[in-house]
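Enquirer: Those protein sequences? They're chains U and S, same order as listed.
For the record, in the first sequence the residue sitting at position 258 is 258 according to full-length UniProt numbering, with numbers rising by one throughout.
For the record, in the second sequence the residue sitting at position 364 is 364 according to full-length UniProt numbering, with numbers rising by one throughout.
A few of these clues could be false.
Using C-beta positions, here's what the derived DEER-type ranges look like [as the list claims (entries may be wrong)]:
#: 1; chain 1: S; residue 1: Phe130; chain 2: U; residue 2: Met323; range: 53 to 59 Å
#: 2; chain 1: S; residue 1: Ile350; chain 2: U; residue 2: Gly372; range: 47 to 53 Å
#: 3; chain 1: S; residue 1: Gly258; chain 2: U; residue 2: Lys279; range: 22 to 28 Å
#: 4; chain 1: U; residue 1: Thr276; chain 2: S; residue 2: Ser32; range: 30 to 36 Å
#: 5; chain 1: S; residue 1: Phe362; chain 2: U; residue 2: Gly383; range: 27 to 33 Å
#: 6; chain 1: U; residue 1: Thr63; chain 2: S; residue 2: Asn161; range: 43 to 49 Å
#: 7; chain 1: S; residue 1: Ser32; chain 2: U; residue 2: Asp118; range: 56 to 62 Å
#: 8; chain 1: S; residue 1: Phe362; chain 2: U; residue 2: Ala147; range: 47 to 53 Å
#: 9; chain 1: U; residue 1: Asp118; chain 2: S; residue 2: Ile350; range: 46 to 52 Å
#: 10; chain 1: S; residue 1: Ser32; chain 2: U; residue 2: Glu394; range: 25 to 31 Å
#: 11; chain 1: U; residue 1: Gly372; chain 2: S; residue 2: Ser32; range: 30 to 36 Å
#: 12; chain 1: S; residue 1: Asn161; chain 2: U; residue 2: Phe135; range: 25 to 31 Å
#: 13; chain 1: U; residue 1: Val488; chain 2: S; residue 2: Gly258; range: 55 to 61 Å
#: 14; chain 1: U; residue 1: Met323; chain 2: S; residue 2: Arg361; range: 24 to 30 Å
Quick caveat, the hints were computed from the structure, so don't treat them as lab data.
It should be emphasised that the depicted structure is a prediction, and the values quoted were computed from it without experimental measurement.
The C-beta atom is built at its ideal place from N, Cα and C for all residues, glycine as well.
Here's the letter readout for the chains.
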Amino acid sequence: MSGTHRKAIGVETIGMTMRFGAFTALDDVSIKVPAGSFHALLGENGAGKSTLVKCMMGFYHPTSGEMLVGGREVAITSPRDASALGLGMVYQHFTLVPSLTGAENLVIAREKVPGVIDWRKERGALAAFISRMPFKLPLDVKVAELAAGEKQKLEIVKQLYLGRHFLVLDEPTSVLTPGEAQEVLGLVRAMTKAGDLTVLMISHKFHEVTAFADDITVLRKGRLTGTGKVSEVPHRQMAAMMIGDQPIAALDSRAEPKPDAEIVLKVSALKAPDRTGLKSIDIAGLDVRSGEIVGIAGISGNGQKEFLEVLAGQRARDQGEVMVRGAAYAATRAEARALNVRLIPEEPLKNACAPRMTVAENIAFRTFDIDGNGKPVSWISAGAIRSFSARLVEQFKVKTASLSSPIASLSGGNVQRAVLARELTGEVDLLIVSNPCFGLDFSAVAEIRARIMRARNAGAAVLLISEDLDELLELSDRILVMSDGALVYETPIGEANVQTIGEHMAGHH
Amino acid sequence: MADTVSGPHVRTILDARGYRAALEWIARRAESFVIPLTALIVGMMLFSLFILAVGRSPVQLYETMWRGGFGSWFSIQNSLSRGAPLLLAALCVALPARLGLVVIGGEGAIVLGGVAAAAIAVALNGAPSFLVILLMGVGGVAAGGIWIGAVGALRHYRAVNETISSLLMAYIAIALMNHLVEGPLRDPASLNKPSTQPLADIYRVGNIPGMEVHSGLVVGILACVLSWLLIEKTRWGFAARIAGGNVRAAQVQGLAVGSLIVGFTALAGGFAGLAGMLEVAAVQGSANGSLAAGYGYTGILVAFLARHNPLAIIPVAILLGGIDASGGLIQRRMDLPDATVLVLQGMLFIVILFSETFYGRFKLFNPDLWQRSDLLKGTA
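Here chain U stands alone, though its shape is the one from the complex:
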């Protein structure tokens, strides 16, 4: 706001350690982020990245360790202390109030908001403030009407407006298109170069780290495993620092696609209301053939969820047809069983499991009501469920303390393995998957992608809906882009261009 603390701040941690009971989440981690630098913090899920930044921001009280801000030792006991020192954080998901304008969001975010707000004065001050910023933003528009990239810029501007000059960005581009990500990070980069800002960015994306960061720090299992200048550490070495020497499942080599293979899934002229009920999704036509993976790209909230819900029978459609192998498909249990259709929604614990039921029971969801010959049974046998699940747990390497543990006690990767075990056993003709690797660690991601590829090579038609463009590029035979409820672009994988796909995702065509 004022010119007094407009300069970037350097931050350092020394021997930061955080224990939760017997579990050490962070073990003697020292990192140094000099003023005006752009520092990337890498690591798998559970490596301790969020624990480290939460200690820095005063959300956690570290078991031991010190923090230096601007070279002086400080005690940060609450987020308020961090804020007073000029440290701020931008979360992965937006924290703005959608029904208020940008200006209103900025003013209410201040620590002391006057009882009666003199909007004329505030607007003047805001205009002066924004004119000093490299970010150009409409402040009189409701946040709900801003694009994702603009919202992320507003989040960053909000931190600057609150006088914070050391920012932690937690996976800031996960909800942005590639184009928006470039722009936002480019602007942030320019501010660090000018010495106005210091950034510590948590990221999974190597290409972003290489393009924008000065230095990296890598954590694994709570320990610091590597640090250095970005220019001196190749990607391969970064990956090695992140995952250690555990083996990574290799993707099956892609079997030759057969362009004239049977069309398994055929969607035509599909219309359905979206969540708000105001707009509708509108799929003119989509075919998925046996032995191919069709990827659907798009920014979250462009109708992918609704489309998946229609395919899962959770959402009524206004018109149109969904056919599987020539038969109308309404996603009943009988149809899914007869046509070998499997559907794996995103966030499996939330959408595909009963969290408090046991691992064994969850694995049996698809088959508990039939016997070995597919005949319906009235009485279920706990013993049969256990032995069936034991076999699948073994085969899919689900790590669980016991078959009787509630499935919610498993790690994310193992919940997904259990769900894949359930859905990929037996013959699969159509596999519909949504964001299968969201939030999982490297080895789980590699293994799960390998299993999807294997299903494809075995002849399944796969519809893969994902917000992760890298995943789509790795797995798909064709990529379609969903924007504003419609499929707006299609490209075979051989001709796929990230730039073009990104522009269609943003709706710029």
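With the hints as your guide, set chain S onto chain U.
Expert: Structure of chain S alone, referenced to chain U:
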């Protein structure tokens, strides 16, 4: 840690037998016994404070309560009689609860089940007794089933909150009963207490041979056992548990969630309706205002104390029946109003609801958190 076991370890655990497996089996189930039991004790301690505050001795109170509920063959039979309708009323809460629904309007189904049964008995006066009693039962089940089934249907098809709608529908049911027993179905001979025509003796449900307890107790226990088998051992029960655990997962699996909800709520209401029929056929001899005696509401407490496990409902219903039965003795011996036991019920309910927050908090009950070293010791 829960997820550091793999490969060969999994196999050892799957094959675990004997001491260790038994210990885990017990630990996983002990939580549902220990927590409600502790809550019961804490609730009774809080109630002691209340008794002290009104200047009486808690020791004497609990002693009187014991004598009034379980101290003699007479009082035991009294408790069993009062527990009988609670068995069925609690099932009306427990079955929907397994689907994730909180239905608290069982009282309405009891009342309508009783009225329907009385109306049938009057209409068929003169027919063979087994046929009339059977049809009274069918009528009671149907009336209660339709009433609570409608709550389930409103929930699934119109997204109406089932807790509120079942409660409001209970008020409607009671008003409907009052209208019927004071109007069209009134026996002109009933002057002070408007009632339907009294049942002929041959249409009354008698006592269990050798006991002063009506046969409704047997019906209730049978209903609990069948409900337990339905939930734990059949595919419909398994499907209902999936839907109750996560309705989205059930939908993705293509399970017919709507049919499950309507079916289970209708069955639950049917049990409550049967309780009403038994009140008419075994206790009151006619349908009247006494049908709305609060069994439906005490049933909520029973179901929550029993963690919605139909088998656990049996002892809990009898325990609550005993507390209820002791009300009279407390009034006579300690000069306290017989509604005192309602204060105890209310306190117990609050403590029980509070105790729900303790599930999953104790390492003792969660073998997944036990140390590896325990595990090795256990299997060695």
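Enquirer: A separate judgement is required for each hint: does it hold in the structure or not?
Expert: Structure-based check of all given hints:
no., hint, result
1, S/Phe130 <-> U/Met323: 53 to 59 Å, "holds (56 Å)"
2, S/Ile350 <-> U/Gly372: 47 to 53 Å, "holds (50 Å)"
3, S/Gly258 <-> U/Lys279: 22 to 28 Å, "holds (27 Å)"
4, U/Thr276 <-> S/Ser32: 30 to 36 Å, "violated (42 Å)"
5, S/Phe362 <-> U/Gly383: 27 to 33 Å, "holds (29 Å)"
6, U/Thr63 <-> S/Asn161: 43 to 49 Å, "holds (45 Å)"
7, S/Ser32 <-> U/Asp118: 56 to 62 Å, "holds (60 Å)"
8, S/Phe362 <-> U/Ala147: 47 to 53 Å, "holds (48 Å)"
9, U/Asp118 <-> S/Ile350: 46 to 52 Å, "holds (49 Å)"
10, S/Ser32 <-> U/Glu394: 25 to 31 Å, "holds (30 Å)"
11, U/Gly372 <-> S/Ser32: 30 to 36 Å, "holds (33 Å)"
12, S/Asn161 <-> U/Phe135: 25 to 31 Å, "violated (45 Å)"
13, U/Val488 <-> S/Gly258: 55 to 61 Å, "violated (35 Å)"
14, U/Met323 <-> S/Arg361: 24 to 30 Å, "violated (50 Å)"
Hint compliance for this structure: hints 4, 12, 13, 14 are broken, all remaining hints hold.
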